[in-house]
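Peer 1: As a plain string of letters, each chain reads:
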Amino acid sequence: MTHWFHKMAGRTRRLANYTTGEMAETEQGRMRALLAACPACRREVEAYRLLFATLQTSPRVTLTPGEAAAFWPSVEGRIQQGATPATPPTRPSLRERFWDHPRLSLVSAAAAIVLVLGLTLGPMVGRGPGTHGSDGAEVISVEAGENTSVMLFQAPDSSLKVIWVFEAPSS
Amino acid sequence: MEELLWRRCLVFVCVGFAVVRLGGSPTEVWAQEVVSLRAQVIYAANEPGGVDAKLGNLAGELQRTFRYSMYQLLEAPQGSAALNRPWRVGLPGDRTLEVIPTAIQGGQYNLTVHVLGPGGQALVNTQVRLRGGGPPVIVGGLLHQKGVLIIAISAG
Numbered sequence: 001m002t003h004w005f006h007k008m009a010g011r012t013r014r015l016a017n018y019t020t021g022e023m024a025e026t027e028q029g030r031m032r033a034l035l036a037a038c039p040a041c042r043r044e045v046e047a048y049r050l051l052f053a054t055l056q057t058s059p060r061v062t063l064t065p066g067e068a069a070a071f072w073p074s075v076e077g078r079i080q081q082g083a084t085p086a087t088p089p090t091r092p093s094l095r096e097r098f099w100d101h102p103r104l105s106l107v108s109a110a111a112a113i114v115l116v117l118g119l120t121l122g123p124m125v126g127r128g129p130g131t132h133g134s135d136g137a138e139v140i141s142v143e144a145g146e147n148t149s150v151m152l153f154q155a156p157d158s159s160l161k162v163i164w165v166f167e168a169p170s171s
Numbered sequence: 001m002e003e004l005l006w007r008r009c010l011v012f013v014c015v016g017f018a019v020v021r022l023g024g025s026p027t028e029v030w031a032q033e034v035v036s037l038r039a040q041v042i043y044a045a046n047e048p049g050g051v052d053a054k055l056g057n058l059a060g061e062l063q064r065t066f067r068y069s070m071y072q073l074l075e076a077p078q079g080s081a082a083l084n085r086p087w088r089v090g091l092p093g094d095r096t097l098e099v100i101p102t103a104i105q106g107g108q109y110n111l112t113v114h115v116l117g118p119g120g121q122a123l124v125n126t127q128v129r130l131r132g133g134g135p136p137v138i139v140g141g142l143l144h145q146k147g148v149l150i151i152a153i154s155a156g
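Protein chains in written order, with my numbering: chain A, 1 to 171; chain B, 1 to 156.
Misleading hints may appear alongside valid ones.
Said to hold, decoys possible - With a straight-line cut-off of 20 Å between C-alpha atoms, the simulated SDA-like cross-links for lysine to any residue are:
hint: 1; chain 1: B; residue 1: LYS146; chain 2: B; residue 2: TYR68
hint: 2; chain 1: B; residue 1: LYS146; chain 2: A; residue 2: ALA168
hint: 3; chain 1: B; residue 1: LYS146; chain 2: B; residue 2: PRO118
hint: 4; chain 1: B; residue 1: LYS146; chain 2: A; residue 2: THR148
hint: 5; chain 1: B; residue 1: LYS146; chain 2: A; residue 2: TRP164
hint: 6; chain 1: B; residue 1: LYS54; chain 2: B; residue 2: ARG38
hint: 7; chain 1: B; residue 1: LYS146; chain 2: A; residue 2: PHE166
hint: 8; chain 1: B; residue 1: LYS146; chain 2: B; residue 2: GLY93
hint: 9; chain 1: B; residue 1: LYS54; chain 2: B; residue 2: MET70
hint: 10; chain 1: B; residue 1: LYS54; chain 2: B; residue 2: GLY140
hint: 11; chain 1: B; residue 1: LYS54; chain 2: B; residue 2: GLU33
hint: 12; chain 1: B; residue 1: LYS146; chain 2: B; residue 2: ARG38
Rather than coming from a laboratory, the hints here were simulated on the basis of the structure.
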């Protein structure tokens, strides 16, 4: 808890300075008193010391004359490979994002096929009034003429629907 | 990239076809449908003659339905009609059979059937729904000679 209070108070930077010795003697005395009361601060100081020691002991990177001669041409070659047009990058347009997208283009083609099939086959399966299905003939309505009468019947063991017209003998 | 072009072409063709299909009114689209129609005109009477072999399977159905001793197939005109267009057949006794397909629905055909007398007066008006290749609807009872006419109307 004390450590987080120290961090919030900006003492992290002073801990780093203390580790590297970039601090006045009086200030160093106060830091030592602080470290005595703050274990987390001591661990942080140890971490800084380890880091600085590592940095100071890292070997210098050196190049052989051949590597040095090939270094810049290699960098320039990579720059050329990754060269982009001078125009600033722009957001892809809707056309590029949707119309040119192969997967979406395929989806739109499939949707169009479904639309056409629906329009073509839809009327064949749902055309006209009513949708009642029947295996045989179905008489929807019967109307007799002026001088006739009609009877609708079906024999028990027959599939025939019969509209029987009673015609006046004189007609 | 070439595949993408093909897909675009497919989209254009399909959408164009859909627009053409949508552009016409339903009546125009239906009017292009043609329905095959058939009428078997049978003379039935209680007189010698038996059952006409040309009636085929219909003979048995007629014998189960009626009690005539003789069934003779007089004619069996066939034709076709577009939706909402009449198909007319002359019947014995200067009568006329008029069949008008009004709708096609899942392999079934809605028909308006008129039987007209010699003067053009309606003897019977009916609306029926027939399954393509299914049993016919029978309009009978029209007096003819010593018996009656039985008309079997089928579609599809």
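Peer 1: If a hint holds in the structure, say so; if it doesn't, say that too.
Peer 2: Verification of the hints:
In summary, the hint linking LYS146 of chain B to TYR68 of chain B is supported, as the alpha carbons are separated by about 11 Å, within the 20 Å threshold. For the suggested pair LYS146 of chain B and ALA168 of chain A, the alpha carbons sit about 15 Å apart, so the restraint of at most 20 Å is met. This hinted pair checks out: LYS146 of chain B and PRO118 of chain B have alpha carbons roughly 19 Å apart, not beyond 20 Å. This hinted pair checks out: LYS146 of chain B and THR148 of chain A have alpha carbons roughly 19 Å apart, not beyond 20 Å.
Our distance criterion of 20 Å between C-alpha atoms is met by LYS146 of chain B and TRP164 of chain A, whose separation comes to about 17 Å. For a cut-off of 20 Å, the pair hint linking LYS54 of chain B to ARG38 of chain B stands: about 14 Å separates their Cα positions. Of the supplied pair hints, the one linking LYS146 of chain B and PHE166 of chain A holds, its CA atoms being roughly 15 Å apart against a limit of 20 Å. At roughly 13 Å between alpha-carbon atoms, LYS146 of chain B and GLY93 of chain B fall within 20 Å of each other, so this suggested pair holds.
Under the criterion of a C-alpha separation no larger than 20 Å, the hint pairing LYS54 of chain B with MET70 of chain B is consistent with the structure, at around 13 Å. Using a Cα cut-off of 20 Å, the hinted pair LYS54 of chain B and GLY140 of chain B holds, with the two alpha carbons roughly 19 Å apart. A distance of roughly 30 Å separates the Cα atoms of LYS54 of chain B and GLU33 of chain B; the hinted pair therefore is violated under the 20 Å criterion. Between LYS146 of chain B and ARG38 of chain B, the direct Cα distance comes to roughly 25 Å. Violation of the 20 Å bound is thereby established for this hinted pair.
This entry does not satisfy hints 11 and 12, going by the numbered hints stated previously.
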